[in-house]
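Enquirer: As a plain string of letters, each chain reads:
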Amino acid sequence: MEKITIKARGAIKGIAEGEALVCPESIQGWAGVDDHTGNIIEKGHSQEGKCINDKILILPCSKGSNGWSCHFHSAQVKGKMPAGWVFTKMDSRAGVAAVVIDVPMVADFEDVDPCEVIETGDWVKVNGNTGEVEITKKNS
Amino acid sequence: MVRLTDYEKKMLNGEMGEFKQTALKNIVKYAEALGAEELCEVSKATLYFGAHPYLDVVDSDDYNDIFSKMYLCSDKTVNIDEFSNTCYCQTCVAPCDQYVYEPLNLTKEFFNKNNKFLEITKEAGVSITGSCTPYLIGWLPLRGEHFVTTESSNVIFCNSVLGACGNSDGIEAAAWSAICGRTPKWGNHIMENRKGTHVFEIECPSKTAIDWDVIGYTVGRLLPPHAVPIIDGNFNRPNLIKLKQCFASLATTSGAEMCHIIGITPESITLDMATGGDEPVGVIKITDEEYNKSFDMLCDKGCEDVQFVTLGCPHYTLEEIRDAALYIKGKKVKKDVLFMIWTDYATKEMASVNGYTKIVEEAGGHILTSGCPLVIGHKCHEGVKGMAMDGAKQAHYIRSETDATVYYGNMYKCIDAAITGKWEA
Numbered sequence: 349m350e351k352i353t354i355k356a357r358g359a360i361k362g363i364a365e366g367e368a369l370v371c372p373e374s375i376q377g378w379a380g381v382d383d384h385t386g387n388i389i390e391k392g393h394s395q396e397g398k399c400i401n402d403k404i405l406i407l408p409c410s411k412g413s414n415g416w417s418c419h420f421h422s423a424q425v426k427g428k429m430p431a432g433w434v435f436t437k438m439d440s441r442a443g444v445a446a447v448v449i450d451v452p453m454v455a456d457f458e459d460v461d462p463c464e465v466i467e468t469g470d471w472v473k474v475n476g477n478t479g480e481v482e483i484t485k486k487n488s
Numbered sequence: 230m231v232r233l234t235d236y237e238k239k240m241l242n243g244e245m246g247e248f249k250q251t252a253l254k255n256i257v258k259y260a261e262a263l264g265a266e267e268l269c270e271v272s273k274a275t276l277y278f279g280a281h282p283y284l285d286v287v288d289s290d291d292y293n294d295i296f297s298k299m300y301l302c303s304d305k306t307v308n309i310d311e312f313s314n315t316c317y318c319q320t321c322v323a324p325c326d327q328y329v330y331e332p333l334n335l336t337k338e339f340f341n342k343n344n345k346f347l348e349i350t351k352e353a354g355v356s357i358t359g360s361c362t363p364y365l366i367g368w369l370p371l372r373g374e375h376f377v378t379t380e381s382s383n384v385i386f387c388n389s390v391l392g393a394c395g396n397s398d399g400i401e402a403a404a405w406s407a408i409c410g411r412t413p414k415w416g417n418h419i420m421e422n423r424k425g426t427h428v429f430e431i432e433c434p435s436k437t438a439i440d441w442d443v444i445g446y447t448v449g450r451l452l453p454p455h456a457v458p459i460i461d462g463n464f465n466r467p468n469l470i471k472l473k474q475c476f477a478s479l480a481t482t483s484g485a486e487m488c489h490i491i492g493i494t495p496e497s498i499t500l501d502m503a504t505g506g507d508e509p510v511g512v513i514k515i516t517d518e519e520y521n522k523s524f525d526m527l528c529d530k531g532c533e534d535v536q537f538v539t540l541g542c543p544h545y546t547l548e549e550i551r552d553a554a555l556y557i558k559g560k561k562v563k564k565d566v567l568f569m570i571w572t573d574y575a576t577k578e579m580a581s582v583n584g585y586t587k588i589v590e591e592a593g594g595h596i597l598t599s600g601c602p603l604v605i606g607h608k609c610h611e612g613v614k615g616m617a618m619d620g621a622k623q624a625h626y627i628r629s630e631t632d633a634t635v636y637y638g639n640m641y642k643c644i645d646a647a648i649t650g651k652w653e654a
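One line per chain: the protein sequences are S and W, in this order. According to our numbering, the first sequence holds residues 349 to 488 in order. According to our numbering, the second sequence holds residues 230 to 654 in order.
Just chain S, with the same shape it has in the complex (with noise of 0.2 Å):
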């Protein structure tokens, strides 16, 4: 099995692991994800209609309205959450969603972009204590 270890800051402390959902051009605010289901509406999304639950997210900022934080948190009230996040760089509407889902995250990647390394499926494990994650390729 390849396993690739890429480092950067520990943002929330925890480990979590899961399947990685990679979304390269990050998830809007508004009418992004569902509050109820946990699925990404928004239209034209390269993930549009898959749920964030039990996900590792994997994006590189976050976008659009100031929303952001709370419709991942209405999904979080009905079940559905991601069990960690990784951004490329860290922003304030990320900062805000990471301290209202409260799940492992690292951020602020130096020299290494983690949208580029991971793919979706790829088994990715977060550990928010030392900043690192680890990556299972899915076909390796």
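Simulated from the structure, these hints should not be mistaken for laboratory data. Glycine included, C-beta positions come from ideal geometry on N, C-alpha and C. Don't take every hint at face value.
[Stated by the list, open to error] Computed footprint of chain S on chain W, listed as stretches where at least three residues anywhere in the stretch have a Cβ under 8 Å from a Cβ of chain S:
1) 258-268
2) 394-403
[Claimed, not checked] Pair ranges (Cβ atoms, derived):
3) W/G462 - S/K486: 36 to 46 Å
4) W/E430 - S/T468: 32 to 42 Å
5) S/G397 - W/N314: 40 to 50 Å
6) W/D235 - S/N487: 48 to 58 Å
7) S/E458 - W/N314: 37 to 47 Å
8) W/T234 - S/E480: 27 to 37 Å
9) W/T336 - S/K485: 46 to 56 Å
10) S/D461 - W/K564: 52 to 62 Å
[Unchecked claim] In the BS3-like style, the derived pairs of lysine-lysine whose C-alpha atoms are separated by at most 25 Å in a straight line are:
11) S/K428 - W/K305
12) W/K414 - S/K361
13) W/K424 - S/K437
14) W/K614 - W/K522
15) W/K522 - W/K651
16) S/K361 - W/K258
17) S/K428 - W/K608
18) W/K342 - S/K426
19) W/K258 - S/K355
20) S/K437 - S/K473
21) W/K258 - S/K428
22) W/K608 - S/K391
23) S/K361 - W/K238
24) W/K254 - S/K437
25) S/K426 - S/K398
26) W/K414 - S/K437
27) W/K414 - W/K239
28) W/K258 - S/K473
Please build the complex by placing chain W on the supplied structure of chain S, with the hints as guidance.
Expert: Same frame as chain S, now just chain W:
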């Protein structure tokens, strides 16, 4: 670790009550997630309070339960107490008009629930204004002043045009800041982080509000993650209305929180000033082709019937209401078409004094306040097969909430569609 002042330490220890303690705990955790080293004082806030649909996931009608869970992120109910007395707070858009519910297919029960929630936060210190354009009604943080807001276009406006300091944060964090009076000193709160990185040379039309709406949408589409746009090139000088449109659509397709416009925004009188003397990281041309591509993404093809026509995303200024009223004067909205102009209730009062409300109502339309179809949600456009609007932000997002055909065009095209009941390409 975040350095706290003695005052902040006392608040964190609970000496100023559980409400402020819970809010500050969240702000400290937010600061740690960002990597911030200290907090700064916030003196203005707009807050997303009311009975918004996303709150329905909480299985309780008690607003203290809902507020604790959804704003304070606490499973334990913490009763709502006073907001910060050093931060002026007012409400952002609500999921209902300030005065009416019938034209929007909402119930009296829901209208009362929304008002009840707003009354509770008003008593705690949050004035009811129902505005996504608070800079039109006297909420104006000055240069260097730290603000929080739940409206993404307002973040760009206040940073770029006013020189005030704010991040997009989120609904919850804006509430935490308004309660404890603090936000992490990070991002746009630090002057050296506000420099422009990517230059967008405008080669497309830039004369009208729609042009600037499409420019914002296009810049956002092409903006790399975390980049700060600089609008340059041979553009026609924008006014407040055009920037209102540009910033709303820019904040839709990107995560931008600041937008330099050479010769217009005060931190960007010259390109050199906008970049802080650095070479731009990238230069991107906004060509006619890119402009047309955006327009095609926003406006569906064809000429079908419309039943729902909405103007004012973001909320209309008095000037826009005047122009719409004078254009529709003496005409009649087609039967079974819902024609709406959205604004805040202070601006509606001015429209009424000037006779514009009467003109629009005599034509069969409505001037509505405090919200918009996006914030209300699908209930207000259930069964609609075709809709027309003049806001790119709305035309973009509403597609996730409806199967209707969505047409996008300027105020006059939309009014024509409301009168004939049909979109003309």
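Enquirer: Would you mind marking each hint as holding or not holding in the structure?
Expert: Outcome of the hint check:
| no. | hint | in the structure |
| --- | --- | --- |
| 1 | 258-268 | holds (count 6) |
| 2 | 394-403 | holds (count 8) |
| 3 | W/G462 - S/K486: 36 to 46 Å | holds, 45 Å |
| 4 | W/E430 - S/T468: 32 to 42 Å | holds, 35 Å |
| 5 | S/G397 - W/N314: 40 to 50 Å | holds, 47 Å |
| 6 | W/D235 - S/N487: 48 to 58 Å | holds, 56 Å |
| 7 | S/E458 - W/N314: 37 to 47 Å | holds, 42 Å |
| 8 | W/T234 - S/E480: 27 to 37 Å | holds, 34 Å |
| 9 | W/T336 - S/K485: 46 to 56 Å | holds, 53 Å |
| 10 | S/D461 - W/K564: 52 to 62 Å | holds, 55 Å |
| 11 | S/K428 - W/K305 | holds, 21 Å |
| 12 | W/K414 - S/K361 | holds, 21 Å |
| 13 | W/K424 - S/K437 | holds, 17 Å |
| 14 | W/K614 - W/K522 | holds, 24 Å |
| 15 | W/K522 - W/K651 | holds, 23 Å |
| 16 | S/K361 - W/K258 | holds, 11 Å |
| 17 | S/K428 - W/K608 | holds, 24 Å |
| 18 | W/K342 - S/K426 | holds, 22 Å |
| 19 | W/K258 - S/K355 | holds, 21 Å |
| 20 | S/K437 - S/K473 | holds, 18 Å |
| 21 | W/K258 - S/K428 | holds, 22 Å |
| 22 | W/K608 - S/K391 | holds, 20 Å |
| 23 | S/K361 - W/K238 | holds, 23 Å |
| 24 | W/K254 - S/K437 | holds, 24 Å |
| 25 | S/K426 - S/K398 | holds, 16 Å |
| 26 | W/K414 - S/K437 | holds, 17 Å |
| 27 | W/K414 - W/K239 | holds, 19 Å |
| 28 | W/K258 - S/K473 | holds, 22 Å |
Figure legend: structure checked against the earlier numbered hints; every hint is met.
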